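Chemist: All chains, please: the whole structure from these sequences, using the hints.
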Amino acid sequence: MDPVIRTTSLSKHFGDLKAIDGLDLEVPRGSVFGYLGRNGSGKTTTIKLLLDLIKPTSGSATVLGYDPRKETVAMRQKIGYVAEGQKMYGWMKVRELIRFTGGFFRSWDDDLAEKYCERFELDPYAKVKTLSKGQNSRLSLLLALASRPELLILDDPTMGLDPISRQEFLGDIVRAIQEEGRTVFFSTHILQELEQVADWVGILDRGKLIITSPVDELKASVKRYELTMEGPAPTSVEMEGVLRLASSGRDLIVTARGEPGVIVNHLKQAYNPLSIEAVSLSLDEIFAEIVLGSGEGHAAYVPLVEEKMLPGEQIDQEVES
Amino acid sequence: MIFWKEWRSLRLRFAVLAAFYGITALLLPIGSYREYIIFDVLYLYLIMWGAGLLFIPAILGMDAYVGERDQETEDFLLSKPMSVIKFLAAKIGLRFALTLLLTGTIIAITLIRVSGPGAPLYLSTPPYLIWYVTLSIIVGQLVVLMVTVAISVRAPFQSTALIIGASLGAVVAGLPLLDSTWQLSMLQAPWGSFWLLMVLLVLTSALASTLLVTREAGRSVT
Numbered sequence: 009m010d011p012v013i014r015t016t017s018l019s020k021h022f023g024d025l026k027a028i029d030g031l032d033l034e035v036p037r038g039s040v041f042g043y044l045g046r047n048g049s050g051k052t053t054t055i056k057l058l059l060d061l062i063k064p065t066s067g068s069a070t071v072l073g074y075d076p077r078k079e080t081v082a083m084r085q086k087i088g089y090v091a092e093g094q095k096m097y098g099w100m101k102v103r104e105l106i107r108f109t110g111g112f113f114r115s116w117d118d119d120l121a122e123k124y125c126e127r128f129e130l131d132p133y134a135k136v137k138t139l140s141k142g143q144n145s146r147l148s149l150l151l152a153l154a155s156r157p158e159l160l161i162l163d164d165p166t167m168g169l170d171p172i173s174r175q176e177f178l179g180d181i182v183r184a185i186q187e188e189g190r191t192v193f194f195s196t197h198i199l200q201e202l203e204q205v206a207d208w209v210g211i212l213d214r215g216k217l218i219i220t221s222p223v224d225e226l227k228a229s230v231k232r233y234e235l236t237m238e239g240p241a242p243t244s245v246e247m248e249g250v251l252r253l254a255s256s257g258r259d260l261i262v263t264a265r266g267e268p269g270v271i272v273n274h275l276k277q278a279y280n281p282l283s284i285e286a287v288s289l290s291l292d293e294i295f296a297e298i299v300l301g302s303g304e305g306h307a308a309y310v311p312l313v314e315e316k317m318l319p320g321e322q323i324d325q326e327v328e329s
Numbered sequence: 005m006i007f008w009k010e011w012r013s014l015r016l017r018f019a020v021l022a023a024f025y026g027i028t029a030l031l032l033p034i035g036s037y038r039e040y041i042i043f044d045v046l047y048l049y050l051i052m053w054g055a056g057l058l059f060i061p062a063i064l065g066m067d068a069y070v071g072e073r074d075q076e077t078e079d080f081l082l083s084k085p086m087s088v089i090k091f092l093a094a095k096i097g098l099r100f101a102l103t104l105l106l107t108g109t110i111i112a113i114t115l116i117r118v119s120g121p122g123a124p125l126y127l128s129t130p131p132y133l134i135w136y137v138t139l140s141i142i143v144g145q146l147v148v149l150m151v152t153v154a155i156s157v158r159a160p161f162q163s164t165a166l167i168i169g170a171s172l173g174a175v176v177a178g179l180p181l182l183d184s185t186w187q188l189s190m191l192q193a194p195w196g197s198f199w200l201l202m203v204l205l206v207l208t209s210a211l212a213s214t215l216l217v218t219r220e221a222g223r224s225v226t
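From first to last, the protein sequence lines stand for chains R and L.
Going by the working numbering, the first residue of the first sequence is number 9, and it counts up by one from there.
Going by the working numbering, the first residue of the second sequence is number 5, and it counts up by one from there.
Simulated from the structure, these hints should not be mistaken for lab results.
Since the model is a prediction, treat every value here as computed from it, not as a measurement.
Looking from chain R toward chain L, a few residues come up when the C-beta cut is under 7 Å (computed):
id : residue
1  : R84
2  : A91
3  : M96
4  : F112
A virtual CB, placed ideally from N, CA and C, is assigned to each residue, including glycine.
Modeler: Below is the structure:
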């Protein structure tokens, strides 16, 4: 089956800044694809390229079989889009905005819009500017869903929401996905929320796609191996798939991607540790390991003391440095 | 739908413009110039009106595109299944229709007062002159509107498009105005109307600025 989104060497440069650099991405039909990346990694730029809101510097893309550059209107008829911190016309009432948006789509379903309006507890007569951030996000989702799109593109839709609103919003998304069985391309930098809804994940860093994989497969293949050595731990490990190393005294921690049994055997044979334990990681931790390890094009070595920090703190520290 | 949305965002501005221009057209002291009843006086009047009328498309068109950027609704609108050309055509089309409506009404009021029954130039106004000046104004308005909208696509602020559009309107209208006043050599008579027109323009500019500031303040609050 053809992927819903396919990009080939897609690049977007803003002067010297390579916002997207040779992106080769495939999003399977029917998947909920989580597009992960730190702030400024190129997530929004990718989405704007896919929607033809900006022109690529080079490369090509197809979305639902359409060329975004040449078949923009036909393509957008089949896409629901929620932008990051989406601003809408504050002077319109909710029902006016729904009617206004519906006028653009051939497949717009007024009954569905009304149903979502009730479910999301939106007052049709309220002015958009009086809505809270959570209500604003729900209205954006309503407008994206009521045209019954084949592809739903959500660009960091929960940004700025409090944790409760975020959970409610994610619940709305999950229900909408379950009801319709559509493809969802979901960009975020908050991993816990992606873990709840995504079945595929793509990790973007500094404009480059580092990894694309089903979430379960990624979680099964990326593990942290904690080794205790007889003598001082080595500061480098010769092995394929190593994402990050950390050592202190006799303790060595290797984060690696691959078949766990094969990796454990390799580590045992190569370093003969006193003990070795494979620890499963959350998506949040996997993301941190992959992104932190991708910086120099090889597995990054860090002193073990940093391992005591939370992954989020490590990211922040990396950004600041 | 785009027409409806544009009309909703323009209707207050349009109403205020209609009120200013309409009242001024009704109050112009045309009857007091009986001693100067010659075609040139009428010509001068119409040219002055032309100068004023060329500001209408500048004021209506200043936010055509940059307004979306100011409200941060640019992506929301442009991500809809419609080409940018159609969006711009709809925006320009509605603004031009409103400009024509307002201009037609004002010119009709002025002509009735200048050449209608009981007026000083009744039956003496040559139709070709009326058509010539009217068409000149309309073409001038279309040029000003297109330039203002084009500027609003690139301009960082609505005021930039307004200033450049209004300046263009002033230049387009100013040259024949100066020419006609020079030829008439009787500047005292039309000065009253000229100053009235200037007051109108200042008030209109003040109104436009107030609208901009109010909108800006509203955005920062919400």
